[in-house]
Amino acid sequence: MARLIHIISRKLKHHQILADDDIGLTPMQKHVLKFILLESLHREIYQKDVEDEFQIRRSTVTGIIQLMEKNGFLYRESVSKDARLKRLVPTKKSEDLRNKIIENIIERDQKMTEGISEEELKSCKNVLLKIFENLTDC
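For the sequence shown, full-length UniProt numbering begins at 1 and goes up steadily by one.
Calculated from the structure, these hints are not laboratory results.
Incorrect hints may appear among the rest.
Result set (DSS-like, lysine-lysine): computed pairs, CA atoms no more than 25 Å apart in a straight line [to be verified]:
1. Lys81 <-> Lys100
2. Lys48 <-> Lys70
3. Lys11 <-> Lys34
4. Lys100 <-> Lys111
Take these sequences, add in the hints, and give me the full structure.
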């Protein structure tokens with residue numbers, strides 16, 4: 001089972017790399033940017049939100065955010081209520097990519113689920129969530 005998950009993960013990464021060539025973002029940066037672009041429409045987004053959403057360490061998120069900031073995709077803005085907090089704000093460059101990023105993700109999801117019924121997808125998701133929970137308890 002673990003081997004199949006690993007192979008699928010590698011295929012997904014390969015597909016994402018091909019789709020990302022013209023955007024200049026790594027697959028993970030693209031997912032983080034999509035999250036920030038969509039969530040920032042209705043709430044403020046902070047580094048902790050990214051850590052929680054993707055279940056990754058603070059140091060990993062810091063590196064991702066620093067690179068995205070350096071490449072002009074977002075900036076950090078101080079919050080008046082707490083000087084320690086920095087809100088993550090997408091730049092115009094990111095805003096201009098919003099539709100392209102969403103299109104790429106939709107295309108990948110459609111390709112990934114081609115020929116699979118809703119019932120099969122639901123069952124698969126349930127099994128994957130149980131595997132995730134089992135591994136989280138370790």
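>> Can you confirm whether the C-alpha distance between Lys100 and Lys111 stays at or below 25 Å?
In response: Satisfied, since the Cα-Cα distance of roughly 16 Å is no more than 25 Å.
> Is the Cα-Cα distance between Lys11 and Lys34 25 Å or less?
Replying inline: holds, 20 Å
>> So if I understand the rule, the pair passes when the alpha-carbon distance is 25 Å or less; does Lys48 with Lys70 pass?
In response: holds, 20 Å
>> Checking one constraint from the list: CA of Lys81 to CA of Lys100, max 25 Å. Satisfied?
In response: violated, 34 Å
When held up to the earlier numbered hints, the structure conflicts with hint 1 and nothing else.
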